[in-house]
Amino acid sequence: MSNRGYPLNAWYAAAWGHEIQHRLTPRTLCETDLVLYRRSDGEIAALQDACWHRLLPLSLGRLDGDSVVCGYHGLAFDPHGRCTHMPSQETINPAACVRSFPVAERHALVWVWMGDPARADTATIPDFHWNADPALAGRGGTFYSLQCEYRLVIDNLLDLTHETFVHAGSIGHDSITRAPFDVTHDERSVTVQRWMLDGDAPPFWARQLGRDVPVDRWHNIHFEAPSTIVGDVGVAEAGTGAPQGDRSHGVTGYFLAALTPETATSCHYFWNFVRDHHLDDPNWTEYLHYAHVNDGEGVYDQDKAVLQAQQIAVSKYDRPPFYNLNIDAGAMWARRIIDRLIAAEETPPAGEQASAPSVFARQA
Amino acid sequence: MSNRGYPLNAWYAAAWGHEIQHRLTPRTLCETDLVLYRRSDGEIAALQDACWHRLLPLSLGRLDGDSVVCGYHGLAFDPHGRCTHMPSQETINPAACVRSFPVAERHALVWVWMGDPARADTATIPDFHWNADPALAGRGGTFYSLQCEYRLVIDNLLDLTHETFVHAGSIGHDSITRAPFDVTHDERSVTVQRWMLDGDAPPFWARQLGRDVPVDRWHNIHFEAPSTIVGDVGVAEAGTGAPQGDRSHGVTGYFLAALTPETATSCHYFWNFVRDHHLDDPNWTEYLHYAHVNDGEGVYDQDKAVLQAQQIAVSKYDRPPFYNLNIDAGAMWARRIIDRLIAAEETPPAGEQASAPSVFARQA
Amino acid sequence: MSNRGYPLNAWYAAAWGHEIQHRLTPRTLCETDLVLYRRSDGEIAALQDACWHRLLPLSLGRLDGDSVVCGYHGLAFDPHGRCTHMPSQETINPAACVRSFPVAERHALVWVWMGDPARADTATIPDFHWNADPALAGRGGTFYSLQCEYRLVIDNLLDLTHETFVHAGSIGHDSITRAPFDVTHDERSVTVQRWMLDGDAPPFWARQLGRDVPVDRWHNIHFEAPSTIVGDVGVAEAGTGAPQGDRSHGVTGYFLAALTPETATSCHYFWNFVRDHHLDDPNWTEYLHYAHVNDGEGVYDQDKAVLQAQQIAVSKYDRPPFYNLNIDAGAMWARRIIDRLIAAEETPPAGEQASAPSVFARQA
Ligand code: FES
Ligand code: FES
Ligand code: FES
Numbered sequence: 047m048s049n050r051g052y053p054l055n056a057w058y059a060a061a062w063g064h065e066i067q068h069r070l071t072p073r074t075l076c077e078t079d080l081v082l083y084r085r086s087d088g089e090i091a092a093l094q095d096a097c098w099h100r101l102l103p104l105s106l107g108r109l110d111g112d113s114v115v116c117g118y119h120g121l122a123f124d125p126h127g128r129c130t131h132m133p134s135q136e137t138i139n140p141a142a143c144v145r146s147f148p149v150a151e152r153h154a155l156v157w158v159w160m161g162d163p164a165r166a167d168t169a170t171i172p173d174f175h176w177n178a179d180p181a182l183a184g185r186g187g188t189f190y191s192l193q194c195e196y197r198l199v200i201d202n203l204l205d206l207t208h209e210t211f212v213h214a215g216s217i218g219h220d221s222i223t224r225a226p227f228d229v230t231h232d233e234r235s236v237t238v239q240r241w242m243l244d245g246d247a248p249p250f251w252a253r254q255l256g257r258d259v260p261v262d263r264w265h266n267i268h269f270e271a272p273s274t275i276v277g278d279v280g281v282a283e284a285g286t287g288a289p290q291g292d293r294s295h296g297v298t299g300y301f302l303a304a305l306t307p308e309t310a311t312s313c314h315y316f317w318n319f320v321r322d323h324h325l326d327d328p329n330w331t332e333y334l335h336y337a338h339v340n341d342g343e344g345v346y347d348q349d350k351a352v353l354q355a356q357q358i359a360v361s362k363y364d365r366p367p368f369y370n371l372n373i374d375a376g377a378m379w380a381r382r383i384i385d386r387l388i389a390a391e392e393t394p395p396a397g398e399q400a401s402a403p404s405v406f407a408r409q410a
Numbered sequence: 047m048s049n050r051g052y053p054l055n056a057w058y059a060a061a062w063g064h065e066i067q068h069r070l071t072p073r074t075l076c077e078t079d080l081v082l083y084r085r086s087d088g089e090i091a092a093l094q095d096a097c098w099h100r101l102l103p104l105s106l107g108r109l110d111g112d113s114v115v116c117g118y119h120g121l122a123f124d125p126h127g128r129c130t131h132m133p134s135q136e137t138i139n140p141a142a143c144v145r146s147f148p149v150a151e152r153h154a155l156v157w158v159w160m161g162d163p164a165r166a167d168t169a170t171i172p173d174f175h176w177n178a179d180p181a182l183a184g185r186g187g188t189f190y191s192l193q194c195e196y197r198l199v200i201d202n203l204l205d206l207t208h209e210t211f212v213h214a215g216s217i218g219h220d221s222i223t224r225a226p227f228d229v230t231h232d233e234r235s236v237t238v239q240r241w242m243l244d245g246d247a248p249p250f251w252a253r254q255l256g257r258d259v260p261v262d263r264w265h266n267i268h269f270e271a272p273s274t275i276v277g278d279v280g281v282a283e284a285g286t287g288a289p290q291g292d293r294s295h296g297v298t299g300y301f302l303a304a305l306t307p308e309t310a311t312s313c314h315y316f317w318n319f320v321r322d323h324h325l326d327d328p329n330w331t332e333y334l335h336y337a338h339v340n341d342g343e344g345v346y347d348q349d350k351a352v353l354q355a356q357q358i359a360v361s362k363y364d365r366p367p368f369y370n371l372n373i374d375a376g377a378m379w380a381r382r383i384i385d386r387l388i389a390a391e392e393t394p395p396a397g398e399q400a401s402a403p404s405v406f407a408r409q410a
Numbered sequence: 047m048s049n050r051g052y053p054l055n056a057w058y059a060a061a062w063g064h065e066i067q068h069r070l071t072p073r074t075l076c077e078t079d080l081v082l083y084r085r086s087d088g089e090i091a092a093l094q095d096a097c098w099h100r101l102l103p104l105s106l107g108r109l110d111g112d113s114v115v116c117g118y119h120g121l122a123f124d125p126h127g128r129c130t131h132m133p134s135q136e137t138i139n140p141a142a143c144v145r146s147f148p149v150a151e152r153h154a155l156v157w158v159w160m161g162d163p164a165r166a167d168t169a170t171i172p173d174f175h176w177n178a179d180p181a182l183a184g185r186g187g188t189f190y191s192l193q194c195e196y197r198l199v200i201d202n203l204l205d206l207t208h209e210t211f212v213h214a215g216s217i218g219h220d221s222i223t224r225a226p227f228d229v230t231h232d233e234r235s236v237t238v239q240r241w242m243l244d245g246d247a248p249p250f251w252a253r254q255l256g257r258d259v260p261v262d263r264w265h266n267i268h269f270e271a272p273s274t275i276v277g278d279v280g281v282a283e284a285g286t287g288a289p290q291g292d293r294s295h296g297v298t299g300y301f302l303a304a305l306t307p308e309t310a311t312s313c314h315y316f317w318n319f320v321r322d323h324h325l326d327d328p329n330w331t332e333y334l335h336y337a338h339v340n341d342g343e344g345v346y347d348q349d350k351a352v353l354q355a356q357q358i359a360v361s362k363y364d365r366p367p368f369y370n371l372n373i374d375a376g377a378m379w380a381r382r383i384i385d386r387l388i389a390a391e392e393t394p395p396a397g398e399q400a401s402a403p404s405v406f407a408r409q410a
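The listed protein sequences correspond, in order, to chains A, B and C. The opening residue of the first sequence carries number 47 in my numbering; numbering runs sequentially from there. The opening residue of the second sequence carries number 47 in my numbering; numbering runs sequentially from there. The opening residue of the third sequence carries number 47 in my numbering; numbering runs sequentially from there.
Be aware that one or more of the hints could be misleading.
[To be verified] Quick partial rundown of chain B residues pointing at chain A, CB under 8 Å, derived from the structure:
| # | residue |
| --- | --- |
| 1 | A96 |
| 2 | H99 |
| 3 | R100 |
| 4 | L101 |
| 5 | L106 |
| 6 | G117 |
| 7 | Y118 |
| 8 | H119 |
| 9 | G120 |
| 10 | Q135 |
| 11 | A142 |
| 12 | P289 |
Derived by calculation from the structure, the hints in this document are not laboratory data. Computed from a prediction, not measured in an experiment: that's the story for all the values here. The C-beta atom is built at its ideal place from N, Cα and C for all residues, glycine as well.
Using the sequences plus the hints, can you model the full thing?
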């Protein structure tokens, strides 16, 4: 039984689409170094970033057309990882290859499948259509490198009571900790829903609403295993029917969080926040961006400080489990689902191979 | 048998009294993170610096009256470590607590007991009354963080022949290595005494004495297990009876060293030097301070360089014991006493529990 | 069977002769800290850089004549490592010593024998006479610290096809990867020879030859176990008989590389390049030096970047062997010879002691 904290048979966000051009971009996913590049036909290639020959990172080489040429002795690999050129020899060793990974671009993100390629079904890429919805506006494309394992961020986003303590002064509010909440789940997802009725709005929301009146506020957080979260959050004038579905007197924002394990104690955080109001006003885009990301002062910066301090403690203490409060119901279910996915990869069905192949096992 | 290099059933200096105010101060003792703060009644609280809930350091939270509110989800703990508030729930899990540590303020220092609370007897706090003696003067309150284990500092202070080599030009003198010395010890303490009769005084002492005449010089170093040392050092005009107890023709200084294990390879060093002359002259206070602590040039700075280099070597080599010279007799006894204290904690008397409880075992 | 990647019974370059003066110079060889100094008679002493008493690096002490005085308690050691003075005691413990190492100065380099002193035969010091040949000129004495194990550098130098990819624009040329090459070896050495006939010269060589004409180019690389390489490289006007031994229409350079394991993942690289033309022109000396070593732009700087990136990958991946291409024949033989030398040290001949003594085992 491994100590991996993440399943491999999953689509993980590896980059924002705009990050990947016709040049070599290294990135580590699930403790595996990858090199990503856009081919001439616009598709994206994802290869293991270690030359078959003597392990030099391919990202230190160069592109020759759609092939990667190693920067040490010039072995060339095509976008499928097959070696197509060896210096000083005619015959190419057919075993010479680097692992290539299934990759797909969807909703502004580049998704890579780190597990068994035979199971890579693009129909299971997480739904992030809000990232590309013309009825919504945002700056998009923020990329964080967090020195904490990805599940700490999931815990964080599935329980927004922390806003009261970590984000007092912007989005925090006592009502969050007082309001009841609902947790539902199925085999792959968890939803946490909280209504805070007829309260005053915290500054962040009052400003978006444009008036400081009593509001009905909602948190509608949806987790999909193993590591994406969509938060539907907003406020409407109290008593105008938002809980019943009428948001015409309110404003809505969606936070879109794709988390990807980098190492056992770090993760990538592809984050976006989009709004349904003032779509064409760049000042609003900037304001909402800086409310989140702002040189250590934004809401996400505050989370980052807390999460990284928590990771240091988690790595230090051997106290085994976290203790859970009522507020942790959502995170608890998310972790159970993740654990089940990992366990399934480690106990292959009778008559089948384990589904998570060794990084070097595959031959061309 | 553990590899701990220090007993837990001991009062360790955690801070100078003036350092601890009504705010959260983190400090690590014996590989355990603590948060210290002064309560409204002036007493000091010492709690484990890791929230019961999800391990965030409590020192990242804030004080609410005399309670610590965790900076993540707002759990509140009273100065005894009992949880008094949980967000979004009425009933408080009675198991929710963080460990609190016995603490006492004495002779300008804050002492914390890291072991079995039932054995924490304030009568056994090391005698450091010189720190607060009106017949003595000094600047007080210097705090060092040393990247070496605390026993290397004890070795250092119990054998002052090193002054000749490490502190040539200030307090070093060949006579130290030539003079005979006496080592006595009992179950908890070691005393090393050395008289250097009728010699010239090194510059540090000649200046304090006010004249450059032959002196009788003494080193009177007293170690109390596990980690405090008081040095009674000084010079008197040669032949005026200092060895017999008449110091009226001399000057005396006391160095007061409280050492506290921080990790297995680092320690805190609470240091003070007080004198019995020119009590009201701040220039003397400054001179004596800078003679010890002076941007890498002072006596203690020189020790720090040597001790840290030694720790690097100790961590690297697996050559098991140090080899001992005659001059190491004091250090050798100190280490034996410490080893005995550690062993006693690991072999509980028949019918009793081990005296060093697990950090997380205690429940409210 | 140990995991050492280098034999101990070998002469390793420890320093350039000019580096070692009458002062204490620390340097780590084969994971052992040494302190080197030149004695009054011009000979060089090499002692373990850890005091017998309490491990303080002797290099933090000072020289007293030809003895090293420890900077902590003043133990003195003569150039053979014998303790000649102990503070505060008359009798010197005869076991008190630090290990001393056989050392010899030859061809501008200081060579140290890290293994069994009884086998240290100066006749086996690698031949580097080119370093001191009056018919050749160069700047000499360049010292590199590389964060990679020494065998990666040997791989690098024994296969110069990498010039084409790592050093395009200076010495790289497609012909290198096309030309056939010969590999020969015996028990202690490997030679890789490559002739590139009737091609154009890369800029580095065209400039030395003084005209841009078709050339016959040669690579003649000689490895001697465990870690020295001499490269005889050059060009001559095509068809003037260079392959048959007449270099009168050409220019020759020798690169002289002495590699020394520092730790398991780092090495020292004593490098020199000497030429057989324009012997008295310092501009040529500077030009050829900067072509190699130039703030990250020189040929050796380019190698350094590749080698260190490769070491990071080697340390990270557990994929056991490198895969070999035809071009790796020379490196493959070199590694086999090294492996055999290491194995021989670990299986002592019947009736004999193992030849690699423990660092601390020797007594005076
Ligand atoms: S390491 Fe890539 S070609 Fe040799
Ligand atoms: S970690 Fe302290 S309240 Fe959650
Ligand atoms: S450590 Fe060298 S003399 Fe004590």
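Right, here's what the structure says about each hint:
1. Checking A96 (chain B) against chain A by beta carbon gives a least distance of about 6 Å; that is within 8 Å, so the hint holds.
2. With a least beta-carbon distance of about 6 Å to chain A, the hint placing H99 (chain B) at the interface is held under the 8 Å criterion.
3. Satisfaction of the interface hint for R100 (chain B) is found here, the shortest Cβ-Cβ separation to chain A being roughly 5 Å, below the 8 Å cut-off.
4. The restraint placing L101 (chain B) at the interface with chain A holds, with a minimum CB-CB distance near 4 Å, inside the 8 Å limit.
5. Residue-level restraint check for L106 (chain B) holds (minimum Cβ-Cβ distance to chain A is 6 Å; threshold 8 Å).
6. With a cut of 8 Å, the hint placing G117 (chain B) at the interface with chain A holds, because the nearest CB-to-CB distance is about 6 Å.
7. The beta carbon of Y118 (chain B) is positioned within 8 Å of a beta carbon in chain A (closest approach about 6 Å), and the interface hint is therefore held.
8. A least Cβ separation of about 5 Å between H119 (chain B) and chain A falls short of the 8 Å threshold, and the interface hint therefore holds.
9. At its closest, the beta carbon of G120 (chain B) sits 5 Å from a beta carbon of chain A; the interface hint therefore holds under the 8 Å criterion.
10. Evaluation of the Q135 (chain B) hint against chain A yields a held restraint, the C-beta minimum of about 5 Å falling below 8 Å.
11. Annotation: A142 (chain B) was flagged as interfacial toward chain A, and the flag holds, the nearest CB pair being 7 Å apart, inside 8 Å.
12. Interface restraint check for P289 (chain B): the shortest CB-CB distance to chain A comes to about 52 Å, outside 8 Å, so the restraint is violated.
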